[in-house]
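Could you put the whole structure together from the sequences, leaning on the hints where they help?
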Amino acid sequence: MGIQKKFVIAAILALVIIAVASLTLQRPIGPPQPTVTTQTGTEPTLGRRIVLLGAGATFPYPLIAKWSQEYEAFTNGMVAINYQSIGSGGGIKQISERTVDFGASDAPLTPDEAKRAPGLLHLPETIGAVVLAYNLPGIEGRLRLSGGVLADIYLGKIAKWNDPRIASINEGMALPDREIVVVKRSDSSGTTFVFTDYLSAVSGDWMRGVGRGKVFNYPEAIGARGVQAKGNEGVTAIVKQTPYSIGYVELTYALQNNIPYALIKNKAGKFVHANFDTIASAASAAVPKLPRGDESWDKVSIVDAEGEESYPISSFTYLLVYKDLSYMDKDKAQALVGFLRWAVTEGQKYCKDLYYVPLPPEVQRLNLETIAMIRK
Amino acid sequence: MMRDKFGSLTLLFSILFLIFSAIFIHELFSASSLTWGRLGVAFVLGQRWDPLNGVYGALPFIYGTIVSSTFALLAAAVLGIGVAVFLSEISPRGLREPLSAVVELIAAIPSVIIGLWGIFVLVPFVRDYLQTLLAPLSFLPLFSGRSPSGLSMLAAIIVLSFMITPIVVTVSKDCLLMVPRELKEAAYGLGARRYEVIRHVSIPYAKSGIIGGLILGYGRAIGETMAVTMVIGNSYAISPSLLSPAHTMASVLANEFAEATDIFYLSSLTAIALLLILISLLINLAGRSVVMKWQRSVR
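If you read the sequences in order, they're chains A and B. Using this note's numbering, you'd call the opening residue of the first sequence number 337 and step up by one each time. Using this note's numbering, you'd call the opening residue of the second sequence number 84 and step up by one each time.
Treat the hints loosely; a few may be bogus.
[What the hints assert, rightly or not] Computed footprint of chain B on chain A; a stretch qualifies when at least three of its residues, placed anywhere within it, have a C-beta under 8 angstroms from a C-beta of chain B:
id	segment
1	488–497
2	553–562
3	578–587
[What the hints assert, rightly or not] So the derived list for chain B, only partly shown, Cβ under 8 angstroms to chain A, looks like this:
id	residue
4	Leu135
5	Trp200
6	Leu225
7	Gly228
8	Ser327
9	Glu342
If you are wondering where the hints come from, they were derived from the structure by calculation, not from laboratory data. The C-beta atom is built at its ideal place from N, Cα and C for all residues, glycine as well.
Below is the structure:
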């Protein structure tokens, strides 16, 4: 009997513990209390090795992984970076709650998000370009597209490949009398954000009818021609598999999978190929209009940039870090600042091998000014 | 004494599990309360899902989940019970074990692998052959239109039925093997042929078990995420045609949760998760009551 009683007591105790835990774990959704500063990371005191925790966008993950490896070697193992690519949304959430030391996002913070995490700085870390991969069996040469035509393809107004509006900018190309299979991302993503940002910039119809965001709905005119796939790899696979299809993917995926992608007409009226130079050119053209690191970046966009050589569908991807680092311990803040300074300058040399576009010098300078604002 | 100790321990585990489930459901409720408060039933009946403009309606996903799993279940029932009957009643003893092993092996394939097979083999097959084969039926709304990509509800149904057939086979076969010899021999003694014995003795006897297998399969089909997302085309529009792309509750969660930042958006996705659980629960309960009714009628 005695033992049984003990178990009953144990069960009741467990119940109480769980009830209490479930109550305390129930935080309201919203900004964390400013007084709650969570101790982040594991910090073994032995030799003061510091681990910086980061979380966010999947797009820059390979680059950050490379940085983490190189930077650890550079600091003789004293500073390690642990980055979890959980998606921009998760990254913003975690840095807002200060459960990580830095966040990463493909899109700048919206005013709403910025309000929930006051004092976050934007540091452009690299540049991503979105290309239009297509599958046109038997067609030689590069397809050319303009912003208006592209918007109308995704609005469903242009339904066939041999539409006169496509034909007129692709003279000499035997475009087939086939329906265009339109592919987009099914998951919410920074890639979609850049793409819709571009279409909104070049097409009033797109702006009014659809808009810009990490997800969008196909207009009804698309019907069964419109499909969605998960992830850049999903869109790539479908375009590769489906004759007469078109889909937007990060440049890296088109290059790695050897899928042709279209030349896009830029603001200056030239059809440009997406490569390191044309994408960097778009970023440089936008520099005079960029805000300071501690201002709102919500309106920042480098799509449809000025310049003869600028590729028009690209964007920055950002590291997010607090201006006031006094909430973390001094050594760690020091290490974080050191890493950021290295990443936006020295670290840029690892970009090209991984198909990322290095930041032009003007943007690197802007970043160093931003990093100088950080209070440790 | 030892037994009591053991008994209490298992009791504790069961209570813990109940508590966890309760916390889980409670958490889903509270995290989706914003959506229920703002939209209520309109959320369940809403036909538009447009996060960009803050419009949230769950009907396209509910429709997609129910249609895809129901058709998959029908296909798996016919195929699965057929295979189970063959394995338990007809196949020679030497063939039964290896064949069952193969069937169980299929059940163990990770869904992402089946999804890849779907994208690279099944979807092109649907696009290039199957829909041409179905073209004579295109006067039916169910088969109207054409799928230029092959990504469609039909592809999802095929993938799902492929995934749940092994479950139906395994459970049904085991139940059919439990039919007492005496019953079957008595039927043969009365001059029944093999088909008649299976039809009038074995299947009725094993009925509740077979239904149980079907419910298990249905549950799996409703919750299946990865393989479906990869082949269904993920369209928010509700279309009566199986050749159109569609969407399911599980796939919208997999697709949109990671990058959802807006509170209302997150709350609406959580509401879908809650609906998904409620629907599987309802189907399970319905299935259970059917099984119980049959069991009673057999006795």
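Hints, one by one, checked against the model:
1. With 0 residues bearing a CB less than 8 angstroms from a CB of chain B, the segment 488–497 of chain A misses the requirement of three and the coverage assertion fails.
2. Coverage of the segment 553–562 of chain A by chain B holds [criterion: at least 3 residues with CB-CB distance below 8 angstroms; count 7].
3. With a threshold of 8 angstroms between beta carbons, the proposed coverage of the segment 578–587 of chain A by chain B holds, since 3 of its residues qualify and at least three are required.
4. For leucine 135 (chain B), the interface hint holds, since its Cβ comes within 8 angstroms of a Cβ in chain A; the closest pair sits about 4 angstroms apart.
5. At its closest, the beta carbon of tryptophan 200 (chain B) sits 12 angstroms from a beta carbon of chain A; the interface hint therefore is violated under the 8 angstroms criterion.
6. The restraint placing leucine 225 (chain B) at the interface with chain A is violated, with a minimum CB-CB distance near 14 angstroms, outside the 8 angstroms limit.
7. For glycine 228 (chain B), the interface hint holds, since its Cβ comes within 8 angstroms of a Cβ in chain A; the closest pair sits about 6 angstroms apart.
8. Satisfaction of the interface hint for serine 327 (chain B) is found here, the shortest Cβ-Cβ separation to chain A being roughly 5 angstroms, below the 8 angstroms cut-off.
9. Hint on glutamate 342 (chain B) holds. Least Cβ distance to chain A is approximately 4 angstroms, under the 8 angstroms limit.
The structure fails hints 1, 5 and 6 (numbered hints given earlier, in ascending order).
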